[in-house]
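**Q** Below are the chains, spelled out letter by letter.
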Amino acid sequence: MADRAPHPDTLELRERWGSFAWTPANAEEAKKIVARYPEGRQRSAVMPLLFLAQYQVGAETNTQGWLPIPVIEFVARELDMPVIRVLEVATFYTMYNIAPVGRFHVQVCGTTPCMLRGSDDLLAACKKRGMAKGHTTDDGLWTLTEVECMGNCASAPMVQINDANYEDLTPERLDHVLDELAAGRFPKEGTQDPARHTVEPVGEPTNLAAMMTENHDYRGEW
Amino acid sequence: MPKVTIDGEQIEVPDGATVLQACELAGKEIPRFCYHERLSIAGNCRMCLVEVKPGPPKPQASCALPAAEGQEIRTDSQMVKLAREGVMEFLLINHPLDCPICDQGGECDLQDQSVAYGRGGTRYYENKRAVTEKYMGPLIKTVMTRCIHCTRCVRFSEEIAGVDEIGALYRGESMQITTYLEKAAAHELSANVIDLCPVGALTSRPYAFEARPWELKKTLSIDVSDAVGANIRLDSRGREVLRALPRINDDVNEEWLSDKGRYMVDGLTRRRLDKVWIRKGGKLQAATWLDAFAAIKRAKPGASIAAIAGDVVDCETMFAAKTLLGAMGSTLLEGRQTGMSYPTGNLAAVNFNSTLAGIETADAILIVGSHVRWEAPLVNVRLRKAVKRGAKVFVVGPHWETTFPAEFLGDDAAVVHELPGHVTEALAKAERPAVIVGGAGLAAGVLDAALALDVQRDGWNGFNVLHMAASRMGGLMLGFAQKGGIADIARAEPKVVLALGADEVDWSQFAGSLKVYIGHHGDKGAHAADIILPAAAYSEKDGTYVNTEGRVQFAEKAVFAPGDAREDWTILRALADAFGVRVGFDSLAELQAKMISEVPALGVEGLASYGKLPKAGKTKAKGAIRYPIQDFYLTNPIARASVVMQRCSAELLHGEDLAEAAE
Chain A
193 MADRAPHPDT LELRERWGSF AWTPANAEEA KKIVARYPEG RQRSAVMPLL FLAQYQVGAE
253 TNTQGWLPIP VIEFVARELD MPVIRVLEVA TFYTMYNIAP VGRFHVQVCG TTPCMLRGSD
313 DLLAACKKRG MAKGHTTDDG LWTLTEVECM GNCASAPMVQ INDANYEDLT PERLDHVLDE
373 LAAGRFPKEG TQDPARHTVE PVGEPTNLAA MMTENHDYRG EW
Chain B
126 MPKVTIDGEQ IEVPDGATVL QACELAGKEI PRFCYHERLS IAGNCRMCLV EVKPGPPKPQ
186 ASCALPAAEG QEIRTDSQMV KLAREGVMEF LLINHPLDCP ICDQGGECDL QDQSVAYGRG
246 GTRYYENKRA VTEKYMGPLI KTVMTRCIHC TRCVRFSEEI AGVDEIGALY RGESMQITTY
306 LEKAAAHELS ANVIDLCPVG ALTSRPYAFE ARPWELKKTL SIDVSDAVGA NIRLDSRGRE
366 VLRALPRIND DVNEEWLSDK GRYMVDGLTR RRLDKVWIRK GGKLQAATWL DAFAAIKRAK
426 PGASIAAIAG DVVDCETMFA AKTLLGAMGS TLLEGRQTGM SYPTGNLAAV NFNSTLAGIE
486 TADAILIVGS HVRWEAPLVN VRLRKAVKRG AKVFVVGPHW ETTFPAEFLG DDAAVVHELP
546 GHVTEALAKA ERPAVIVGGA GLAAGVLDAA LALDVQRDGW NGFNVLHMAA SRMGGLMLGF
606 AQKGGIADIA RAEPKVVLAL GADEVDWSQF AGSLKVYIGH HGDKGAHAAD IILPAAAYSE
666 KDGTYVNTEG RVQFAEKAVF APGDAREDWT ILRALADAFG VRVGFDSLAE LQAKMISEVP
726 ALGVEGLASY GKLPKAGKTK AKGAIRYPIQ DFYLTNPIAR ASVVMQRCSA ELLHGEDLAE
786 AAE
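These protein sequence lines are chains A and B, in that order.
FYI, in the working numbering the residues of the first sequence are 193 to 414.
FYI, in the working numbering the residues of the second sequence are 126 to 788.
Be aware that a few hints might be false.
Restricting the straight-line Cα-Cα distance to at most 30 Å, the calculated cross-link-like pairs of lysine-lysine (DSS-like) are [to be verified]:
| hint | chain 1 | residue 1 | chain 2 | residue 2 |
| --- | --- | --- | --- | --- |
| 1 | B | LYS308 | B | LYS343 |
| 2 | B | LYS253 | B | LYS183 |
| 3 | B | LYS510 | B | LYS608 |
| 4 | B | LYS743 | B | LYS425 |
| 5 | A | LYS319 | A | LYS380 |
| 6 | B | LYS608 | A | LYS325 |
| 7 | B | LYS620 | B | LYS408 |
| 8 | B | LYS513 | A | LYS223 |
| 9 | B | LYS554 | B | LYS253 |
| 10 | B | LYS620 | A | LYS325 |
| 11 | A | LYS319 | B | LYS253 |
| 12 | B | LYS719 | B | LYS747 |
Reference excerpt, derived from the structure (chain B facing chain A, CB under 7 Å, subset only) [said to hold, decoys possible]:
| hint | residue |
| --- | --- |
| 13 | GLY292 |
| 14 | LEU294 |
| 15 | ARG296 |
| 16 | LEU306 |
| 17 | GLU307 |
| 18 | TRP585 |
| 19 | PHE679 |
Residues from chain A that keep clear of chain B, each with C-beta distances beyond 12 Å, as calculated [unchecked claim]:
| hint | residue |
| --- | --- |
| 20 | ASP201 |
| 21 | MET239 |
| 22 | GLY250 |
| 23 | ILE261 |
| 24 | GLU265 |
| 25 | ALA268 |
| 26 | ILE276 |
| 27 | ARG277 |
| 28 | ALA282 |
| 29 | THR286 |
| 30 | ARG309 |
| 31 | CYS345 |
| 32 | GLN352 |
| 33 | LEU373 |
| 34 | GLU381 |
No wet-lab data here; the hints were simulated from the structure.
Glycine residues also receive a C-beta, built at the ideal position from the N, C-alpha and C atoms.
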């Protein structure tokens, strides 16, 4: 978190991204997004537009996508708002990458439930493959970030890679996922536990068991 | 009008008041960092916690809580004391203990409040957060590790200045205040964030490590950098003015000050005239006062003597010159140096009649030939407020970057005669319409056309002229105006011209005259002069100034003039002796008494009354409007001598990249 900083605004960056504009499809999409908000409140569209821009940069660079300063300025112009306000949003939310990332952005959740279920091992597995926190590997394939809770605590530990969540991970399962991705295949999203379908209880239900068959009123037993 | 009980005492508070304001009304001190009367409520420092019943059983931030009927508020309970200590402890966790090397020391809210409301010691032994410095330009020095994230500076630049350039990046503990890409804060009011900053994160760069507040002599003064007459306090040590700070005056400057007014003070010690000079064979040579007086006497002017007042002189100086000339039998007085010649028979027609505070309430404003942001930054703040309340603004003149939505109607002054339909309609329908004629407008002769606009309503006079010179209204009240302007004086071919700090005059028109420059800076006027008599700057003499709305204000003497320089009136008094005439005063008090007996309004602090507006004349406005100010930071001799202002001009206006001086 603390070492997050916008990628330096250099002449090369300006040259590469200074002429950024929506692709025809994204221009259509942006119009739709802006139309969701009432007249005079178009600035509210800043978050979806930034995300759209990040996707477009990703498509152009074959990475997850990020937000160079000229692209942030482009979004500010689109919405007619001061660029510092857009930069504030882009730096506040970690879902916006403000520095270049690799083809796959591996976001390992390190918050308490995941940590208790072994996220440290996942980070170690990532490191073994040459990744380092906050850095992109030399082949441009992986960027590793440790993030806070992604809301998958019931199937902890989890990793988010670009738009997909991979849950119930062990170092071996993570290795498998990463191998598949590196090979250009897309492994199944969600839980990686073969015994589990989604986030249903593992094995027998341990609580609210009486609810399994019929609607049960627990209130008298509290 | 809800009734609330504060610490057992029941008081009635105005509708819409917050609990914090209610507590203030009851005379209770509520500590705060982020709350500021003139900014929106942020509620993020949590220092203003109080106990409020009914409500949740925990302390509440009083700045963001509306006062409601029947509330019982406690500011003295154990809960409140503990809450304040807790908040203080959190704020200090990441605040460095560098008060001894911090320029805010001695006038720091955090310092004061931690003494008053904090715990005695710390329990924190971890590493503190450190934040990289942010460049904010030549005026603002940053030590961002000290920042407590109150966001006052962000809110000021967004709400008051109208220039969105400061923001809070990142989140939580990592939050950092910065300008966009660390560009310099480049607007005319940027340095006000230094006053707003409750800690030492934003301090004054030119004043860095100069002095401690308690060793400074504080003198109440008036800003002369423009015609707004902002109320300032000059902080001086020994013979040097170290800084100027705004004083609160809601009628004039609220609590802001333009960067020029604040930072031109270092010019008071540079390029000063501290000796008498006489031009001999084309070269200025140092001389004595007696030589100079003898040389002036040799010119034998008789009644052929004129006085031209500069932009920053006080009424006393002008009156002394007027009396001297009167005793010699001359009335060749002029203050409009650049040759303007608008009629001054009725001063209401050249006054800011709506008052500065009143323009905030206008709902349709037509600006004719005024680059308000540069000519009067503090008026621009008022205009922005008016627009926020729904006013429409139209501008006749070349485009300038407004801080509010405004429609530009073209450069041609003649537009005023045939305003577009929607403009006339907006002015006609407005309850409080206003027109502001600037210096460029006066030069293009729009005065009559503007007077013909109907901007008067019951109890409202929306006819305004915005001057740029601090001495203008005072000069006009004292009769420093010829019918044909300075051209009349040139036509009279006076033997002697007294230039009272007049630096903007085209001196080639006085080639045959003996030019005596009485002023404080070796600027354009001194370059053209035959004899230079060193005088006092605004910080070095008691003086009366009248701002553009006709508000009479007094400034006090902060320091002594350097070297041989004397207060202007004493020089003119001595000249009277040299000429062998009597002026009827031997002290400043006598001079002031005589001046007030002639122009009684100058004796009363406050708005002078100029009566009703005259009927519009028939002068036609014509020609393209051209703003007189080319460089905001270098408009008067003091600013031109100021290193800080020169640097601002080079860096902020001309885009020069200046390396930071090594400390």
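**Q** Honestly, which of those hints from before does the structure not fit?
**A** 1, 3, 4, 6, 9, 10, 12, 17, 18, 19, 20, 23, 24, 25, 26, 27, 28, 29
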